[in-house]
Amino acid sequence: MMPYAEPQLEPVSPPQAMPAAARDTREFVRFTRLHRTLHACMIVSFLTLALSGLSLKFSYTRWAVTLSRLLGGFETAGFVHRLAALVMFSTFTAHIVSLIRQKRRTRTSWRSLLFGPDSMIPNRRDLREFIATMKWFVGFGPRPEYGRWTYWEKFDYFAVFWGIVVIGSTGLTLWFPVFFTRFLPGPFINVATIIHSDEALLATGFIFTVHFFNTHLRPEKFPMDTTIFTGHMPLAELKRDKPREYAALLAGGELEAHLEEPQPAIVVKAIRVFAWIALTIGFSVVIWIVYAMVFAYR
Amino acid sequence: MPFSRGSSALPPRRGHGARCAGLSPLLLLLFVLAAAARGSAATDECLACHGEKSLATRRNGHSVSLFVDQKKFAASVHGSLQCTSCHADLEGKDLPHSVPLAKVNCGACHGDESQQHLKSVHGKALARGDALAPRCVNCHGNHDIVPVKDPRSAVAAIRIPYVCGQCHREGTPVQMNRAIAQHDILENYTESIHGEGLLKKGLVVAANCASCHTAHSILPHTDPASSIARRNIAATCTKCHANIELVHRKTIRGELWEKQANTLPACVDCHQPHKVRNVFYSQGMADADCMRCHADARLKAADGRSMLVHLNDVATSRHMKVACSQCHSEVNASRVRSCETITHKVDCTACHEEIGQQYARSTHGQMHAKGDPNAPYCKDCHGTHHVLGKRNPDSLTFATNVPDLCARCHREGQKAAVLYTGVEHWIIPRYTESIHGKGLLKSGLTVTATCTSCHTAHRELPASDPESTVNPKNVPSTCGTCHHGIEEQFMQSVHSSSVTHTSQPLPACNDCHSAHSIRRTDLDGFKLDIMKTCGRCHAEIAATYFDTYHGKVSRLGYTKTAKCYDCHGAHDILKVSDPRSHLSRANVVGTCRKCHSDATRRFAGYLTHATHHDPRKYPFLFWTFWGMTALLVGTFTVSGVHTLLWLPRALQMRRELRAEEAEAAAEDASSQPRPPEDDHDAVR
Chain D
0 MMPYAEPQLE PVSPPQAMPA AARDTREFVR FTRLHRTLHA CMIVSFLTLA
50 LSGLSLKFSY TRWAVTLSRL LGGFETAGFV HRLAALVMFS TFTAHIVSLI
100 RQKRRTRTSW RSLLFGPDSM IPNRRDLREF IATMKWFVGF GPRPEYGRWT
150 YWEKFDYFAV FWGIVVIGST GLTLWFPVFF TRFLPGPFIN VATIIHSDEA
200 LLATGFIFTV HFFNTHLRPE KFPMDTTIFT GHMPLAELKR DKPREYAALL
250 AGGELEAHLE EPQPAIVVKA IRVFAWIALT IGFSVVIWIV YAMVFAYR
Chain C
0 MPFSRGSSAL PPRRGHGARC AGLSPLLLLL FVLAAAARGS AATDECLACH
50 GEKSLATRRN GHSVSLFVDQ KKFAASVHGS LQCTSCHADL EGKDLPHSVP
100 LAKVNCGACH GDESQQHLKS VHGKALARGD ALAPRCVNCH GNHDIVPVKD
150 PRSAVAAIRI PYVCGQCHRE GTPVQMNRAI AQHDILENYT ESIHGEGLLK
200 KGLVVAANCA SCHTAHSILP HTDPASSIAR RNIAATCTKC HANIELVHRK
250 TIRGELWEKQ ANTLPACVDC HQPHKVRNVF YSQGMADADC MRCHADARLK
300 AADGRSMLVH LNDVATSRHM KVACSQCHSE VNASRVRSCE TITHKVDCTA
350 CHEEIGQQYA RSTHGQMHAK GDPNAPYCKD CHGTHHVLGK RNPDSLTFAT
400 NVPDLCARCH REGQKAAVLY TGVEHWIIPR YTESIHGKGL LKSGLTVTAT
450 CTSCHTAHRE LPASDPESTV NPKNVPSTCG TCHHGIEEQF MQSVHSSSVT
500 HTSQPLPACN DCHSAHSIRR TDLDGFKLDI MKTCGRCHAE IAATYFDTYH
550 GKVSRLGYTK TAKCYDCHGA HDILKVSDPR SHLSRANVVG TCRKCHSDAT
600 RRFAGYLTHA THHDPRKYPF LFWTFWGMTA LLVGTFTVSG VHTLLWLPRA
650 LQMRRELRAE EAEAAAEDAS SQPRPPEDDH DAVR
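Here the protein sequences line up with chains D and C, keeping their order.
With numbering that gives the first Met the number 0, you'll find the first sequence wraps up at 297, consecutive numbering, no jumps.
With numbering that gives the first Met the number 0, you'll find the second sequence wraps up at 683, consecutive numbering, no jumps.
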């Protein structure tokens, strides 16, 4: 999940008191602590949901039976799945609440929040950038000057909204079938099963391939882009990847306010271990899905 | 009834004697009447002397009375005859006559009886000149003969034992000096049910000596014509004991008594002659005789088998009251080695006739009939002398011992298992691990099904035989002998041939529960396999079940979810259209509520066998699935193409980045002392 970013208004780094001779090692702060926390919660809950859910979806494979046992048997897996769902709902809710609180704190209007330059809402510029990107891909133009949020990042962000709504609602239907069939026909449970399961397949497939590539595994960032975990982005990367944002910050004289010393080495190391585990699980799931869909489909 | 005198074979002491044996009964009657008409005067003449009580003579030193009681004679059956009718040699003689007179020949009138007596042991002995041989007069008396029905008759039924007992009782010259096989005849008879009936209860119809031995044709039992010859005994006894077969049906098929009496035990084998009681006698008439030889440990058969018999084996067995000769029949008591007439092996069916028929029908029996050495015979399972009942825990046929008994041949690698060509293998270990085997062998429940409970003890037949208890048609009733309630349910269900009429094979108990590896139905193994089991026939419905939540969960090894029988019932499966079905409109909500306690009718509308592959049956599922699939394919296609197009550019950027980094590093190295111009350049 790519959370909506707050405009960085408060100084987060010490004032400019650099010794002239010292090389500046400070990095650009792209994500706040809340963003990073929510993303970590998202990773944990998403992986948990994927593993426990897919073990049921692909129950006809040996893989699924083994995995279900590893998760403590089906009953426990079901419990874990619902618990993870609650974590994800909470994460989602926390994000929405943070947006509302940010709006109140900054006393901005909904309009500027939703349609301002740093908004996640896709706009006309994104369309232009998409077209320019296509041209760049096929060699008919330069790389577009992306701003704070690229169109694919916005797509990922809203994919989560879509997924939460679709998978979440059908998931609740399956969780409380007796309640929902008070006003829905019985066969809707069957429909909900298909939607829940296929949408989950889409989500896991998309996250573990496209999202991983787009934001973590792009060759120029290989093997891993840790920005979402550390919150920090090397300034050079900002300049290269988000030239428009860099230019705007430079022009507004706000850049210094967004610079911070790098995370301690131990933190970065821990983050890398966590991220690698998540990536490994994600890729394993992709391989399993492909195996289940192609070789063992029923 | 008049008697006869069978003395015509003897040379008369006087030279002549009248013969009227050849006359027809009519002429005889005329003769008697004529004699009576003119005879009274002659009789009176005789009585002139013989009417005197003191008239006597000496014979062999003894004084013998020659008195004839006129009253008694007149009251006798011969009262109307003249003395000379019998004492024929006095006819026309002057009185007083000379002595001695010729022996009276009763056969002159009583020809048939006379002939019978002539051929009997008594007659033959008389012919030999045996002084102890009885003649007519010895049983019937002389001048005072009354009809046999008259209680005063010497040969009235109630007196016969005494008449015969005059000679045939212990201590008499006959019993001591002649070859009489039986002992204590009179005493035993008196104590027997017959003697008791006759002598104590006065039942004149009770059998007396003559009832079995006949009155005049008394012959030894070795004579085939004898009424007590082995072959004729049944006929003799059934003269009174009509339809006695009916009460012996369990042991002897009635008609065999008359047709093949030699292969069966005769009445007297169990109900010993003269000792007849309505109970079996513990004293075998010949056991002691058998043991004269068979108690010897050195006794060997021709093939080297020991012929030693431990009488105690029999005495502690089920056959404790059975004598050797009752099983080892065909013995002949008249031989010194009475067993030398035995030509056949012990045939248990002589008594256990019904079981014998079952065995003959069984695979075992059919193999045995063909002379197959592998075929088990009675003794292979039941043993020989020490045969014990199936309720005796020491018995080979006691419930807990049955699996081992059958395993002797049916264990894998043993002779029966080698011959077997069917699909049931490892029968013994599988049974041992089955719920029945555990119940029997681990829990010691002797009522648990053993081999014989299903296959029967004596009538084992292959499942392919329509008469077999394990034929699919008969399996429900076989299992139903114990699981009766289940059978009742099953017979009402769609799986019963009485409900569903189809050419397809219907399942029997063993199709779901297996034959020998029957498991507990409340444990996971059975619960998880039941879907596969039902799926063997209901392939499509099982496949769609596995498409739903219940099926997927159960496939993960989770049993607390709806399985086939949770909704459809186990043995009481009915068509959904049947109002009694668990899934009928009236019952379906209740069925769901077994797990989903607050289920509603709409909840019950959940499609438990839904598939998204059938656009006609489940169009909304079909289109939902394909809509979702289109969404997936679309999204992955767009993003995939996007990523693939991006990849070359990203690689290019990486190369440029590396080049820049290398350049920067080189620049750094060459201009190390120079400080960076500003922050931004420094980061670079």
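Certain hints may be false.
What the hints assert, rightly or not - In silico lysine-lysine, DSS-like type, Cα no more than 27 Å apart, as pairs: (1) Lys-531(C) with Lys-56(D); (2) Lys-56(D) with Lys-320(C); (3) Lys-70(C) with Lys-92(C); (4) Lys-593(C) with Lys-56(D).
Unchecked claim - Which residues of chain D face chain C? A few of them, derived with a C-beta cut under 7 Å, are: (5) Leu-55; (6) Ser-58; (7) Leu-113; (8) Asp-117; (9) Val-190; (10) Ala-191; (11) Leu-216; (12) Pro-218.
Hints in this document: simulated from the structure, not taken from any laboratory.
Yeah, the Cβ is synthetic: ideal placement off N, Cα and C, and Gly gets one too.
Each hint, compared with the structure:
The suggested pairing of Lys-531(C) with Lys-56(D) holds, with an alpha-carbon distance near 19 Å, which does not exceed 27 Å. For the hint linking Lys-56(D) to Lys-320(C), the alpha-carbon distance of about 74 Å lies beyond 27 Å, and the restraint is violated. Taking the CA atoms of Lys-70(C) and Lys-92(C), the gap is near 25 Å; set against the 27 Å cutoff, the hint holds. Of the supplied pair hints, the one linking Lys-593(C) and Lys-56(D) holds, its CA atoms being roughly 25 Å apart against a limit of 27 Å.
Against a cut-off of 7 Å between C-beta atoms, the interface hint on Leu-55(D) holds, since the closest Cβ of chain C lies about 5 Å away. Checking Ser-58(D) against chain C by beta carbon gives a least distance of about 4 Å; that is within 7 Å, so the hint holds. With a least beta-carbon distance of about 25 Å to chain C, the hint placing Leu-113(D) at the interface is violated under the 7 Å criterion. Given hint, Asp-117(D) at the interface with chain C, is violated; its Cβ is 21 Å from that chain's nearest Cβ, farther than 7 Å.
For Val-190(D), the shortest C-beta to C-beta distance to chain C is roughly 5 Å, which falls under 7 Å, so the interface hint holds. The interface hint given for Ala-191(D) is broken, as the beta carbon of that residue sits about 9 Å from the closest beta carbon of chain C, more than 7 Å. A cut of 7 Å between beta carbons decides the hint on Leu-216(D): the least distance to chain C is about 9 Å, and the hint is violated. The restraint placing Pro-218(D) at the interface with chain C holds, with a minimum CB-CB distance near 4 Å, inside the 7 Å limit.
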